[in-house]
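Trainee: Here are the chains, one letter per residue:
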Amino acid sequence: MDWYQLWEIVSLPDNIPIVAMIVLVPFFTWYAFRQAFATDRLIVQLEADPKAARGHYRKIEPFRKGWQQKLHVWPYLLRVELLATVIVTVILMVWSITLNAPLEAPANPNLTMNPSKAPWYFLGLQEMLVYFDPWIAGVLMPTLIIIGLMAIPYIDKNPLGNGYYTFRQRKFAILAFCFGFLVLWSVMIVIGTFIRGPGWMWFWPGATWDHHRLVFETNRDLHELLGITQQPFVAIVGAVAIGLYLAVFGVLLHKLILSTEFNRKIYARMTLIQYILLQSLLLIMVALPVKIILRLVFRIKNVWVTPWFNV
Amino acid sequence: MVQRLIALLRRPFSRRGSRKPFWERPVPEEDPIVNSSLAVPMAVSSLLLMVTLIWAFYDEGWGLRPWRAHQDEFVERYSTFLRGLKPRQASQEEEIKASEGYQHLLRQQQEAEADVTPRLAEITAEEGAVDARLGAIEKTFATARSEIQATIYLIETTSGSARKGYEEDREELEQRRYEIVLPGEDAPQELSYVELEDMFNSLKEQQGKVRARKAAVLQRPSRVRREMQTYVANRMEGLTAGQVQGLINSLDDFEYGIHQIHNGDMGLVDRCETCHLGVTAPVTIRAADMGGMELFASHPRKELLDVHDTEVYGCSPCHNGNGIGTVSTDTGHGRYKHWLWPLYPPENMEAGCLRCHGDAARLDLAPVLSAGREQFRWRGCWGCHPRQGFDQERLALLVNQKDVATLEGEKEAVRLLIERTVARADEAETNEEANRLYAEADSLTLRVADLDTRAERERQRGRQLLEEVKTPGPNLKEVRVKLRRDWLPGWIENPHTFRPTTKMPRFRLEEDQAQAISAFIWQSGVNGDLEEQAQGDPEQGKVLFETRGCMSCHAIGEGDEAVGGTFAANLSRVGDKVNYDYLVRWINNPRKRTLPYCPTLKRDITPEDYAAAGKPFVFDLQNNECPICGGTLQVQNPTVMPNLRLSMEESRDIATYLKSRAPGAEYAAAAWLEDSELAPKGRAMVRHFGCAGCHEIATLEEEGKIGTDLTEEGSKPLERLDFALLTQTAKREGWYNHKGFFERKLENPAVYDEGKIKEPLERLRMPDFGLDTEEITQLTTYLLGSVTPEDRVPERYHYRPRDQRSHIQEGWDIILKYNCMGCHQVAPGQQPLVKSLPLYQQEDWREQLPPPLVGEGARVDPNWLTRFLKNPALDEDRPHRNGVRPYLQIRMPTFTLSDGEVEKLVRFFGALAQQPLPYLPKKLEPLSQRELTMARQLFTHPAAPCLRCHATGDLQHDRNATAPSFELVSERLQPDWTRRWMVHPEIIQPGTSMPSGLFQREENRWIFALADLPIMKDYEKDHADLVLRYMFQFTRQEQRRLRGR
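First to last, the protein sequences are chains A and B.
Going by my numbering, the first sequence opens with residue 140, and the numbers climb by one from there.
Going by my numbering, the second sequence opens with residue 302, and the numbers climb by one from there.
Honestly, the hints are just simulated from the structure, not real lab data.
Some hints could be false.
[To be verified] Stretches of chain A that chain B covers, calculated by requiring three or more beta carbons in the stretch to come under 8 Å of a beta carbon on chain B: (1) 204-213; (2) 239-247; (3) 342-350; (4) 353-365.
Please read all numbers here as calculations on a predicted model, not as lab measurements.
Virtual Cβ for every residue (Gly too), placed ideally from N, Cα, C.
With the rest of the complex left out, here is chain B (with noise of 0.2 Å):
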């Protein structure tokens, strides 16, 4: 056989290729089954067997281990970087040690160690005795003792003879004489186990008293220890050298292997630090620092996961992709076709937080996350798509209306219930029974009572959210009022083209549809006069809308000249589509309407209306009744825009400036706008394309949404988005997943109509809002995060607080929805917008700045803040003014808020300053006659700089001031926060002009630094206290009184 093989392997190839295939051979005359050997085949194909079990092995332990070789790599590159960083440490470490705190307390320990050493060498000395003697008789005490015990345990558990045997044993254990040595002595000692059990507890005794004096003695010394590694702990920047030295350690015993995150109450196993095994490190590792792997880094922005323990939500909750997968990077992070939760793409990241933090109006790690949402809210998506918590005011209001019917509707059925028992009372047969049914009645009219009482307070409620809904758009059913007819038409075309920064998108409509919708607008606006208003200075008009505030919201310039606020319309052209008159009275209070809208009618409210019901036309938030069916009217306009407390002239002033900015263009005479036959077919569109989603249009005020539910837009399977015909080429491009889907179609919308007939009505709606790549990826990060809530981390898990951070972020939304950050810092390293403008960059400006808002909530009372907020000129009699700081050019506007929504802000600023609930005034001690002349006289005292720019309520003296008034101290501020205030401005405030060092630090109080005053001399108390108990104090006539003086 051997020598077959070797004839087999000996023949040439060229004879082998030349032979004829098998079928064409001719047959041998040898019976091929017993004369051929299979050993050839049989060898080649137990070698291939061979070799797949050796692949198999392999496969076993590397191949679908790829991580093995990742943890080799990491554990060498992690401890040259550490041995790198270790002297690094350990000279920063040695500067620290080298300063002059640390020496100081090095001397400290030193002395301190120094002072105990006899005294400790002594109590030593007597431990070692102690111990010695316990030590000699430990062994043979505790061997008697379990003796003994495991025999009581005897006796304790049998009965009869047998525990008479044990209770023998037991004696004779007891009697038993134990020899013992002491230390020092010779002669061993005979004791019986009592006097042994004496012996040893004594000695316990002295060894306790013993190492307590020890540790009294070594107390001083240990601590100072202490504080010297806190010291060097607290002004090192990552760790100390010793640490480093830890961790290289560590890695000896590096364990290799899969490195899991196990939450089973969550379902949740994440290996992904098997490969990432840099992201817990307590050191920063940055991708450099590894030879450039990326994949040894720590977590880029620690700060999260200080929040966010990682044993505990592990990471795929928040990254998505596959925590078990281990064989392959893409399995790993789920980029695989049947994975449903695939690694959010590094630009979309911050969509994972949404899963947990579905409700917050902004989270403060997550600026893409919360910039997408305030796109979401800002532009208005959700006037079409419905998603949740989004239109709650409107949405409520709804509900808040049947609640009202339904109670109405049984307090009619009770009242006539109350009326048949009545009558049937009245026709009785006997006495009683006619007082059983007047005594039922009666006590039917207290159930009318009741009911009458829950209506009451649920028509307030309504009447709350009245004033709370706001439209994305304006009100459309001013138009004839507010703009030139003929300027319509071309603005639904394309608002683009007027206002290219409009955040009004864009409809794809046909020509007819364009002209009917802008007939139905216009023929559906509501007629009213005008008050016909003079012109204006535009000179002075230009510094007003300049000064005022205007710009912390609007922009004027056009293109990339425009300055100015984004929340609101750029009004650079603004004077092109206005009239005049309504521009006066719109900038005079923008929430003034034309007529009133009743909820339970369904109409506005005409003057005619008021006149049959022989009421004035008269409505305002006052008289908000409708004269016909009593219910609430909606007296504003829906618009977020506040009322700047402007006098007539000065809102004409700047409605002709603005005028005035305006190119002046002309419009081709629209006359078939008002053509009522196009109206129908208006209307028709205008419920197609959703107007009325964003805008108030006359009877269309309560349409529904027309797009989709975004709530789980993220989760919704990628088979139920439509990507029409565009299907094969995402699949093939690789862009068919939902980030494909929301990015190409917020980049385009009609995208997917792409190659499809349609008509026109059937068309995709969506218009085109112009976004740019920021935007999308901002919009597109908000998307893929509104996933199910279940989805992968349970319901308990999610940030749902119970405490005052509930009250941050319902604050969010109001602080969001008017737009306070425009003027104000509410955040801090929030900058706002009104101080990036060129004015506020000149010095004599920037004292013209509105207050930052952070740490409000611990500056002033909130009783005074909800007072405020609902009137911010604080009096009724001079409302053109601020009411705090009437030295501000810059106004504070009267934002006409909801009871609701101030205390909701007031809340939200409490909680931000972390201010307990309730709020309870701090008592001041008064002042006594002495300390109120000492107070007098500091305060009046020429070094000192008070009076120099606070207002005090004097005309006189308030003309020049540029700071808040006394006179408001003690309803307006709260203590703690002053007397902080008075030593340390700077701290609390950067940049202000309030200024600091007016007290200084004496031992254990604040003395006045600018004067040496004779009479405070010994006064032993603390001067800011002093000074701060005047304050709250300080009342119109004490004011009187320094005038006086």
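Pulled out of the complex, with its shape left as it was, chain A reads as follows (with noise of 0.2 Å):
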């Protein structure tokens, strides 16, 4: 246990806020869906007393008879978010006292830093270029994240879950995020920082960043597995395993969206076009995890290989 090496990492001013993020992200994640899941069971006491619904606003679980049903923004949101102000300027001052501007070395064209990372709030997208063609990891996937993002109150059908933490009402929206912002782009943020060393090799926490390390490593194309060489045929075989995933998953997904009987009547409120567009989203999304697994445990690097581009 190379400990030097870990705390070299750790205290880099560059990582600071991933360190801070490993902490605050669970505990967020956690204190979120102890709120929600409080919510879900006053919701549930609510529908069996729609009397009591009625008048009330406040999302609040048990319920007792002293607390007001109403609550303005005017003193009792704005002084919380005062204090908050104030705490984060604390915190903001001090860390700019103590911690300079991590500043390097003038550029030198001719010498690359090694790792040579990228900001930390991009590490996840650094990473990504491991698994795909630098034009879907840099600029097909970052744009349709965004795009994804400004769509979702388009294709998003269900009404409820407005102003009030609820994991019962918003099951498969909640499932979806968690899967892309936290499985997907948190992890891939750490394992940029902590995991990623010299040449991008993969070091175990704790393992010594040699410049030196050999890995013998080599990946391959799923037209190279099976044994096809001439170009038609390799972009054919391409397309046909790109169609088996899109033909497979997407029926999976239907299944999974359907499976509730919640989900089925926001389903039959969609159109086509959004269903459509939901699907694309969400297929991409899952192509990250299957490239993922598909390099670092098969060892395979493009599955659909053309003169023009691979994925």
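Quick one: dock chain against chain with the hints and give me the complex.
Mentor: Quick look at the structure:
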């Protein structure tokens, strides 16, 4: 166990946000779910008692008689926000006093630093470069993430869950988010920070980042596995494989969406375009872990190789 | 709310501690959001915000400005120091003022002042009167003048009716009467402007005259006062008490803040003096003076600051570090991860000099760096590593050979063109056409001649370069004639066992590699016949070895008992390795080769080749034409060892002596050296290990260098230095930097192979030189300083003198190359090695030391020096002696310098002595008949000691001479120097046996001091001059005349 190396990574001023993230993201996830489950219990109570439900604006469980049914923004919300502002200001000031901007040596075009890492918030994207063609990982995927986030209000046909924490009423949305943000985005940032060392090689935490390390790692394309070398066939095999993925996972996702009564109701409200959009975004999101597994476990670099692009 | 707060504070900790975590607490009956107060958290966080704010202010004001405390401390300690210094300086000043010289000046000054007092009072009174009158009218006049001039300006810049108005104004102003009261007059006067102006001008004129008179009167007293000040300043060590007081006063206005040097031209911002406050102080401050604070000491080597103005160069261009950083010591010194130029460690401080003085072979003020460069040169590091400024001769020779080939090719092409043109002319149809073509052919012939001239010039330069090329190691083509065969393998395996001090490094060879190399070297040697030599006398040989100068370069004796120079090999055991016959030949003339080498054909020329060409097998510097191709041959061994012009007998004696010193070791028979199957592998190994970088080896004469280029090694990115498996260790132990890399590599060149699994041929090839710590520091300093020239300092700041100083730089290269400093003192302060030899500690032998060469450029005629360096015997017929000082046992050898090298050396001595260029011999006035008679008498007078030591060219007389001959004076010496020498020999060369006090000063001339000659009685002129002029026309006839007396 190389504690020195670990400390060097953890104590790097660049990595402070990520170290904080490791603690804060799980905490707030847990806290939000705790709140959501409490509301869910209240929702169950209120569903049983329509009379009580009528005047009940605050989603708090268990509900007490002495509690107010409505609360004003001023002072009850704003004072908490003011407090938060003060605390955050203190944190930022202490941070800026104690840690200087991590500046480095003047750029030298003849010398690339190793490992050469993006700012922490882009490390997830950089990690994606391992699995995809730069065009896909660097351009297509980020664009789709932004477009997807913008499209959510237009494909979300579920009217419930506005202004309060709930899991019960938005299971599908919350699970999709947890998968996309927590599992894919955050975990990849952590991998990019702590796991990827010189040569972008995989170093388990505590291993020495040795610049001279050599690993035996050969990646193949899918068609090489199948022994196909001639170009039109290579592209065709890839296209078939991708098509197979879309078909199989499309069906699986469809089953998943229709798995509960509630979801079926929402599904019935969707137009075809909305549904296709949803399916496309989900399929692309799921493609990422699939490709990670193919790459890390089966050492497959590209599935679909054409003269113009690789997938 | 207050009550709640109090209640909260009152609640005992035990209860608070026992409370459940918030998620297990029961839900309160009251609405927690409405009923709870945020006062406590709000108060706490506001408090924190305040604290943070204060912290931020503190950090901004003091935390990020640690120099503030330093400045406070400096002012305190410095003023204490100065206050302590002042009385010391004052008492020193008192002492000087009490001295006779000062008192004399003081009396003079008082006298002068008393002299002028009455006259001065008169003038001052007069001046006062004029000033008062001027004062009375000055203001009125100035006002009137400005008003009128302003009106004139308006008139000049306007036209029409407005102009008319202004003109009227002007007239009115000129008409106006001004009222003034002159001092001593009661009644006021009324004057017009013109009158006023006249009065003002005349008063001004009077004032000027009076002042000039005053200055004339005061001239003498003020001159004496200045003399007094200079008198004190010249004798004071450090500042005067008044100056110290000035410094103390200036501390009252000490400028607290960042002290910055800015040179925009260089992009330099240095704030080092913000903390290092005493660095450029006008007094010398030692750390002890400031309570042990090294930080406040003044620059330890002020002589460096004298030549590098800190206001221009700052600090960081020499010392490195981050000049802008003031936040902490580490930032200022650049000792953090990403700063490319961290402060040089104290022992490598001189590395910075190389940034601008990259070409200098020797820097007087940087001894460590100069030693590092000398190590690099002497050890032959450049045999493997390309480095700008080294191996220039060989590189120039390669370029030269190409140039010659190009010119030859061009010539051939033109010649063909001529032939074709002539052929066309012959077949031309008309006469005009034929004539035109013939004319064209003629003009082409001229071009051939031109090309021929150019090629010849290049060839001549090539011949010179061929003479200049010297290799660090010996010529290995000679092994078969030179060495005992069985000795070779042991040497190749580890040279340090046979000769621990050798500069040949140890290669880490596998046994088979060593065998193959030995076999190849042995088999590639040339065969030749050596003249058989009789045995000499070892006793005589020992004497010769010790007195002829061998020991200026060579040592003898093993281990601690070694005596002599380290420039060349230790010869204790040389007898065990060489053939006696070869040794005699080598001592007699080390440049003699067995076979000459032809660089054009790239092979050695054998006697058979000569025979085939019908030429005798003779080759030397005069007969150096290749019998086959006509090109220039390499006829010398490329060694720097000179020819001591020993007779054959002397050579035999020395060789016998060296043979007799050897312990007579036996070596295992190595018949396999003749195994021709080993040779190809051996050749590959020799190439692999770069042996040809230092040695001349058959078939590998033009091998390239195998090492990495070290010209800019110091600024190579750290990531490019391969620490291999030691990277992590280096980082943890704190030597992951250039210095750490170089030091460990030099100490153990295989260190970065540690732990690696490598094939023998993949291993690091750098051999082990057995360097000691001091040498490692020197070389590390040199490497650290070897940076990209443009790095941090623009090229126009680099030291590239275009005047004589460049001759000094060029000259040092040659001085070091041939180890002139083994025998001669070249620079002030440097001691030649020969002086430290035991022999020369004896009283009798001290006079046998070679002459010091400080001021040689002023002493001798450069044209003569050129001749002398070409042949120090000065006489072709009598080679076995010194030309100038035949009485010295030690011998000035013949270095066979090329013309270029001789020229550089002559210019070097001229530049060192600051002799003007070009050299114009001084014409001396010829002697009149009377003067000649006087001079002869003076010269031969029994009291005059000249002829007691100096030779005259008379064999009988010269047998006992111990000083150079008068015969050489006119061609050898420069009159100015000779005159100074006759008058003050002790000053020019302390410890010389030339007596001082031959002449004594009388009025403005020197007169002969040792005797009163009647004939000289009414001679008005300088006696030293007379002798000088006589000496410079001293001829053989004159000498014969003197002998006749």
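Trainee: The structure should be examined with respect to each hint, and the outcome stated for every one.
Mentor: Here's how the hints hold up against the structure:
Evaluation of the coverage hint for the region 204-213 of chain A: fulfilled, as 5 residues show C-beta separations to chain B shorter than 8 Å, against a requirement of three. Counting residues of the region 239-247 of chain A whose beta carbon lies closer than 8 Å to any beta carbon of chain B gives 5, which reaches the threshold of three, so the coverage claim holds. Against chain B, the region 342-350 of chain A contributes 3 residues with a C-beta closer than 8 Å to a partner C-beta. That satisfies the three-residue criterion, and the hint holds. With a threshold of 8 Å between beta carbons, the proposed coverage of the region 353-365 of chain A by chain B is violated, since 0 of its residues qualify and at least three are required.
Checked against the numbered hints above, the structure breaks only hint 4 and satisfies the rest.
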